[in-house]
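**Student:** The chain contents come next:
4 protein chains.
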Amino acid sequence: SDDLFLISGPCVIEDEKIMMTVAEQLREIAERLGIKVIYKSSFQKDNRSSLDYYTGPGLEKGIAILAKVKEQFGFPLLTDIHYPDQAAPVAEVVDVLQIPAYLCMQSQLIVAAAQTGRVINVKHGQFLAPENMKHPVKKIEDSGNEQIILTERGYTFGYNDLVVDPRSFYHMGRTNYPVVFDVTHAIRKYGIPSKDAKGGAREYLPVLARAGVAAGVDGLFIEAHTCPSEALCDAASQLDIRYLEEFMKPLLELHAIEVKYRNTLPELA
Amino acid sequence: SDDLFLISGPCVIEDEKIMMTVAEQLREIAERLGIKVIYKSSFQKDNRSSLDYYTGPGLEKGIAILAKVKEQFGFPLLTDIHYPDQAAPVAEVVDVLQIPAYLCMQSQLIVAAAQTGRVINVKHGQFLAPENMKHPVKKIEDSGNEQIILTERGYTFGYNDLVVDPRSFYHMGRTNYPVVFDVTHAIRKYGIPSKDAKGGAREYLPVLARAGVAAGVDGLFIEAHTCPSEALCDAASQLDIRYLEEFMKPLLELHAIEVKYRNTLPELA
Amino acid sequence: SDDLFLISGPCVIEDEKIMMTVAEQLREIAERLGIKVIYKSSFQKDNRSSLDYYTGPGLEKGIAILAKVKEQFGFPLLTDIHYPDQAAPVAEVVDVLQIPAYLCMQSQLIVAAAQTGRVINVKHGQFLAPENMKHPVKKIEDSGNEQIILTERGYTFGYNDLVVDPRSFYHMGRTNYPVVFDVTHAIRKYGIPSKDAKGGAREYLPVLARAGVAAGVDGLFIEAHTCPSEALCDAASQLDIRYLEEFMKPLLELHAIEVKYRNTLPELA
Amino acid sequence: SDDLFLISGPCVIEDEKIMMTVAEQLREIAERLGIKVIYKSSFQKDNRSSLDYYTGPGLEKGIAILAKVKEQFGFPLLTDIHYPDQAAPVAEVVDVLQIPAYLCMQSQLIVAAAQTGRVINVKHGQFLAPENMKHPVKKIEDSGNEQIILTERGYTFGYNDLVVDPRSFYHMGRTNYPVVFDVTHAIRKYGIPSKDAKGGAREYLPVLARAGVAAGVDGLFIEAHTCPSEALCDAASQLDIRYLEEFMKPLLELHAIEVKYRNTLPELA
Numbered sequence: 001s002d003d004l005f006l007i008s009g010p011c012v013i014e015d016e017k018i019m020m021t022v023a024e025q026l027r028e029i030a031e032r033l034g035i036k037v038i039y040k041s042s043f044q045k046d047n048r049s050s051l052d053y054y055t056g057p058g059l060e061k062g063i064a065i066l067a068k069v070k071e072q073f074g075f076p077l078l079t080d081i082h083y084p085d086q087a088a089p090v091a092e093v094v095d096v097l098q099i100p101a102y103l104c105m106q107s108q109l110i111v112a113a114a115q116t117g118r119v120i121n122v123k124h125g126q127f128l129a130p131e132n133m134k135h136p137v138k139k140i141e142d143s144g145n146e147q148i149i150l151t152e153r154g155y156t157f158g159y160n161d162l163v164v165d166p167r168s169f170y171h172m173g174r175t176n177y178p179v180v181f182d183v184t185h186a187i188r189k190y191g192i193p194s195k196d197a198k199g200g201a202r203e204y205l206p207v208l209a210r211a212g213v214a215a216g217v218d219g220l221f222i223e224a225h226t227c228p229s230e231a232l233c234d235a236a237s238q239l240d241i242r243y244l245e246e247f248m249k250p251l252l253e254l255h256a257i258e259v260k261y262r263n264t265l266p267e268l269a
Numbered sequence: 001s002d003d004l005f006l007i008s009g010p011c012v013i014e015d016e017k018i019m020m021t022v023a024e025q026l027r028e029i030a031e032r033l034g035i036k037v038i039y040k041s042s043f044q045k046d047n048r049s050s051l052d053y054y055t056g057p058g059l060e061k062g063i064a065i066l067a068k069v070k071e072q073f074g075f076p077l078l079t080d081i082h083y084p085d086q087a088a089p090v091a092e093v094v095d096v097l098q099i100p101a102y103l104c105m106q107s108q109l110i111v112a113a114a115q116t117g118r119v120i121n122v123k124h125g126q127f128l129a130p131e132n133m134k135h136p137v138k139k140i141e142d143s144g145n146e147q148i149i150l151t152e153r154g155y156t157f158g159y160n161d162l163v164v165d166p167r168s169f170y171h172m173g174r175t176n177y178p179v180v181f182d183v184t185h186a187i188r189k190y191g192i193p194s195k196d197a198k199g200g201a202r203e204y205l206p207v208l209a210r211a212g213v214a215a216g217v218d219g220l221f222i223e224a225h226t227c228p229s230e231a232l233c234d235a236a237s238q239l240d241i242r243y244l245e246e247f248m249k250p251l252l253e254l255h256a257i258e259v260k261y262r263n264t265l266p267e268l269a
Numbered sequence: 001s002d003d004l005f006l007i008s009g010p011c012v013i014e015d016e017k018i019m020m021t022v023a024e025q026l027r028e029i030a031e032r033l034g035i036k037v038i039y040k041s042s043f044q045k046d047n048r049s050s051l052d053y054y055t056g057p058g059l060e061k062g063i064a065i066l067a068k069v070k071e072q073f074g075f076p077l078l079t080d081i082h083y084p085d086q087a088a089p090v091a092e093v094v095d096v097l098q099i100p101a102y103l104c105m106q107s108q109l110i111v112a113a114a115q116t117g118r119v120i121n122v123k124h125g126q127f128l129a130p131e132n133m134k135h136p137v138k139k140i141e142d143s144g145n146e147q148i149i150l151t152e153r154g155y156t157f158g159y160n161d162l163v164v165d166p167r168s169f170y171h172m173g174r175t176n177y178p179v180v181f182d183v184t185h186a187i188r189k190y191g192i193p194s195k196d197a198k199g200g201a202r203e204y205l206p207v208l209a210r211a212g213v214a215a216g217v218d219g220l221f222i223e224a225h226t227c228p229s230e231a232l233c234d235a236a237s238q239l240d241i242r243y244l245e246e247f248m249k250p251l252l253e254l255h256a257i258e259v260k261y262r263n264t265l266p267e268l269a
Numbered sequence: 001s002d003d004l005f006l007i008s009g010p011c012v013i014e015d016e017k018i019m020m021t022v023a024e025q026l027r028e029i030a031e032r033l034g035i036k037v038i039y040k041s042s043f044q045k046d047n048r049s050s051l052d053y054y055t056g057p058g059l060e061k062g063i064a065i066l067a068k069v070k071e072q073f074g075f076p077l078l079t080d081i082h083y084p085d086q087a088a089p090v091a092e093v094v095d096v097l098q099i100p101a102y103l104c105m106q107s108q109l110i111v112a113a114a115q116t117g118r119v120i121n122v123k124h125g126q127f128l129a130p131e132n133m134k135h136p137v138k139k140i141e142d143s144g145n146e147q148i149i150l151t152e153r154g155y156t157f158g159y160n161d162l163v164v165d166p167r168s169f170y171h172m173g174r175t176n177y178p179v180v181f182d183v184t185h186a187i188r189k190y191g192i193p194s195k196d197a198k199g200g201a202r203e204y205l206p207v208l209a210r211a212g213v214a215a216g217v218d219g220l221f222i223e224a225h226t227c228p229s230e231a232l233c234d235a236a237s238q239l240d241i242r243y244l245e246e247f248m249k250p251l252l253e254l255h256a257i258e259v260k261y262r263n264t265l266p267e268l269a
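From first to last, the protein sequence lines stand for chains Z, X, D and R. No gaps in the numbering here: position 39 of the first sequence is 39 in my numbering, and each next residue is one more. No gaps in the numbering here: position 168 of the second sequence is 168 in my numbering, and each next residue is one more. No gaps in the numbering here: position 62 of the third sequence is 62 in my numbering, and each next residue is one more. No gaps in the numbering here: position 63 of the fourth sequence is 63 in my numbering, and each next residue is one more.
Chain Z on its own, in the form it takes in the complex (with noise of 0.2 Å):
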C-alpha cells in the first residue's frame, strides 16, 4: 500500500491500564488520520545499562498484555525478541517478529524468528553500512520468508551519537522491502540515562521525521507514551502521545508527495 503507516505505543510494556489507555489514543487518531497503526511494546529489554533498571514483565506476561491490547483493539502487534527460543512462543500472538539493531546480524535469532512464518521487522544496526542489510534480509528469505521490513534508527557517529543518513533509506529502499523510519531512538543519546531527561533530544523529532518521510520511508516508528516522564525505559525520547497527531500530518502530506514522485527520474549515475 502506498499509505503511510506508523508504528507506535509504549517503549516498553508499563502496568496495563497504561497499555490500554495508549491503545485507545492510538486507534482514535488512526481513525482520524486514516493511518493504519501497529501497536508496538517490549516485554523483556536486553540492553539496558544497569541490571538495576527494568526490563519489563517478561514473556508470558508481556505477550498476555499485548493479547488484550490485540482483542480489544484489534492492531496488529509487533515485539522484540532477543534469543531464539522467544521466536516460537511470541509469534503465537505478535504479528512482527522484531530483531533488535545490535542482534541484525546473528544468524541464530534471524532464523528462527523467520521460520515462524511472522513478518520479521529488522532493525539497522547502528554498526552496519546501510547497504549491508541486504545480508540479514538474504538469512531471512533463505528460511523461507519473504515477510520483511526494514527499519532504520541512526547510525553511530562520533561517541554516543548517532546519525540518520538519508542515503540509508535509499540502500534500504532497493530491497523492495518496506522501510520503516524509528525516530524515537534515532534521538536518543546514549552514555546518559534514558531516564535523565538529556537522554534525548526530542526538538530533533520533526526534521528528522519529514527529513525521513521524503526520502521514501513507507511507516514510521514512534514510540509514545501519556506521560514520558515517567516512562520506565526511554522516559527521554518517546513522545507525548497528545502531540503524536499533529506530528504526524506534515508526514502524510510529505509521504503523498514523495510516492507521487517515486521512479519519476531515470537513475542518475
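Be aware that one or more of the hints could be misleading.
If chains are identical, the list can't say which one is meant, so a pair holds when it fits in one copy or spans any two.
[Stated by the list, open to error] Straight-line Cα separation of at most 27 Å, DSSO-like style, residue types lysine-lysine; simulated pairs:
| id | residue 1 | residue 2 |
| --- | --- | --- |
| 1 | Lys198 | Lys260 |
| 2 | Lys138 | Lys198 |
| 3 | Lys195 | Lys134 |
| 4 | Lys134 | Lys198 |
| 5 | Lys189 | Lys138 |
| 6 | Lys195 | Lys138 |
| 7 | Lys36 | Lys260 |
| 8 | Lys17 | Lys70 |
| 9 | Lys61 | Lys195 |
| 10 | Lys249 | Lys260 |
Since the hints were made in silico from the structure, they are not lab data.
Following the hints, complete the assembly by docking chains X, D and R onto the known chain Z.
**Tutor:** Below, chains X, D and R alone, put in the same frame as chain Z:
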C-alpha cells in the same frame, strides 16, 4: 520569501559559450518552474588535488564572463573567494560572495567579504558541528553585514565520505538566515579525482535533495552542466542540466508542504 | 602480572590437524618469547554475512577439539558464546568465555556467562563509547564475578571501516581490569567477504599493535593460521603464524617501557 | 636523524617575557634530555571562534619577538601562515612555515610557502583521509621544495571531537618525509571556548603521545606554557611546561624501540 530558490551553474567558469548555454537553459527552467535562480560559477578553484588540474580563468577574466551572464540573463551572481584581497574586486560585479567550506573559520577572509556589503554565503565546514556555524554568522554580523546565507554540503564521515545530517538544517535554520543545501558536493567521493565517474555518487541526488527540502531548506545548490562528463571540474558530481527541471518538481511540492507546517508544532523538549 | 600475554589461535575451529599444528607452533613461540598464551578459537560464528558460510563445528564437537588442545599443550582456552544456554556447557572446558562485540550489551548473555565463575572477556562493541564499557563490567560484577578482561577491536568509523582510538585504552584501563587489543578484527573491512583478500588490511597490523601496546594494553589478541588464505573464516585478516614471533618482539619491548612509566605522570587535567 | 625532536612553545605569541621564559625552560629541558627543539608560536590566529578573542601581535611584531628568541636561544623557529602574502616576510626569519590543517588544500598558500625554500610543515586536515596528504606533498614538490614535514593533529569524529587514528601515521610515513604528532590540538574539544577548562582533555595526553610515538612518528608537537590557565589561546589544551620533561621521558624510550624495529617485518598484505 517562502519560495524555494535555486543556485546553479557550472562548477568552474569554462568556455564562454558553455557558460551562456547553461544560463539560457537555466532561464527557461526558471521561467517554467516559476522559481528564482542565482547563477553560480567559480573563477578559481584553490583546493584541487593537483596543481595540474584546471583552476579556472582567474579573477579578472572570470568576473568578466560572469558580468556578461548577468547582463544578458539578469541572474544575480554567486562566486567563491579564497583570499581577502579578492573580496572587493569580486563584489563589484557579483551579488553573493561565497566562503568555501574549508575556509568558513578564516576570520580575515570573512571580514573582508562582509565589509563589501554583498550577501555572504558561508558553506558549512566539513569539520564543524553545525551549531558552530553561529560563529561565522556572528563574525559577519560584527562586521556590519546581516545579509547571510548558510549552505550545507555534507559533513566528514569516516574517510573519503560525507554524510548529510538532517539535524544540520535544524541548527542552521535557528540562525534565522536562509539555509541552502548544496547537494552537488554532498555526493562527491574524495580521494577519487572528480573527472573519474566514481568520484561522485549521483544516484543519491534525489533522496538527499528530498530529505533536505523536507528538513526545511530555503534553497537548493545544484551545479549543472550541458555535458558533465566533459566538465573541467567536478565532472562526476554535476547534474546534466537536461534533468534539472524534473529533478526540481518534487522538491517544489515538498517545500510547499514543509513551509505550510513550519512552526506548527510546539518545541518538543 | 606485568608481562604482555597473547590470545591466539585460528578464528574458527577447523580440522583437528590444523588446530593442533597451530597449537604446537604457538607453544614454541610462547617458549622462545617467554610469554603466556591463551588458545582461542570459535565453535560457532553466529554473525557471518551469509547462512552459506562455514560457522564452525558446533558446541559439542568444538569443545571436544579445544579440550584436546588444552590436554596436549596445556594452554588456557578462550572461546565466544552467543546465547545464554551455551555458557554452562562451554564453561566446563573453557577458561575464558568471550562475549562478542555486538553482544556486549545483552544482559542475559552476560549474566549467564558471569555466573559460570569463569573469566569473562568482553569485547568492546563497535557502537559503544569506550567509557560505557563500565556497564557490562558492572553487570558481571553484580553477578558475582570479578574475573574480567576487556578487549578493544575497533570502533565504527564511517561505513565499513573501524578506527582504533587510543583513548579507548585509557578508558578501559580505568576499570582496573586487564585490557586486550584484538588487532585482527580491527583491520577487517566489512562489506567485503573475509575470504576476499581485500577483506582485511594487514599492512596496518604493526602500526596498530605498536600504538596499542604503548597505549597500555596488557594483552594482544591475534588470530593466527598456518595458511590464512585457506582459512575457513577471516582469511583476509588472520596472521600467517610464521610471522607471529617477529611481530611480537617489538611489542614486548614497547610493553616493558610502557609498564615502567605507568602512573609516573600526575593526572593532567 | 633517528632522534625524536620536539616542536614546542606557547600557542600564540604573548608578552615577550613569557616567550623568553618558555624558551629558557625549553632550552634546559632540551639539554637535559638531549633532544632538538623547534620553537613554535603563532603571530596570528585566524580561525578563532570570535572576532573578540586575542589573535596575536600580528606579523611584524610577532616575527620580531620570534627573532629575539632565535637570537638568544638558538632555536629554529616554526610559525603558521594563513595567506600567501605572509609567506615571504615570515620566511626571512622563520625556519619552518606551517600550513594550518584547515588550509592544507589551499594551493596558492602552499605554493607561496614552498617557494620561500623554507621547510614546510603541513598539518593534516581534520577532513582529509590521511593518504590524501600526498596531494599537498606533491604540490610542494612541484613548487621545487622537498623540505617537508607532515603533522597529525586528529581527524573529525562525530561532532566536536577528534580521533587520532594510528593508521594515519602509517600513511603519512609512507611519504618518506618526517612525521610529527601534534598532541596538543588532538585533545581540543571544539564548541567549547579554549579558555574554558572543559575545552581540552589533557588526561588523554600521555596515552595519545605514547601511541603516536610507537606508531612511528619522528617528532612531537606540544604547546607549552608557564601558566596554561592564563594563556591567551588554547588555555585548556596547552601543557604546563613543568610537566614537559617527565612527559617526554617515556616517549624517548618508546621511540628508540620503535626505530630499532622499523622495517624489520615484511609487508603484511
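**Student:** Evaluate each hint against the coordinates.
**Tutor:** Hints, one by one, checked against the model:
no.	hint	in the structure
1	Lys198 <-> Lys260	neither (38 Å within a copy, 30 Å between copies)
2	Lys138 <-> Lys198	between (38 Å within a copy, 23 Å between copies)
3	Lys195 <-> Lys134	between (34 Å within a copy, 19 Å between copies)
4	Lys134 <-> Lys198	between (34 Å within a copy, 20 Å between copies)
5	Lys189 <-> Lys138	between (31 Å within a copy, 20 Å between copies)
6	Lys195 <-> Lys138	between (37 Å within a copy, 19 Å between copies)
7	Lys36 <-> Lys260	both (20 Å within a copy, 24 Å between copies)
8	Lys17 <-> Lys70	within (14 Å within a copy, 56 Å between copies)
9	Lys61 <-> Lys195	within (24 Å within a copy, 45 Å between copies)
10	Lys249 <-> Lys260	both (17 Å within a copy, 11 Å between copies)
In this structure, only the earlier hint numbered 1 is contradicted, and the remaining ones agree with it.
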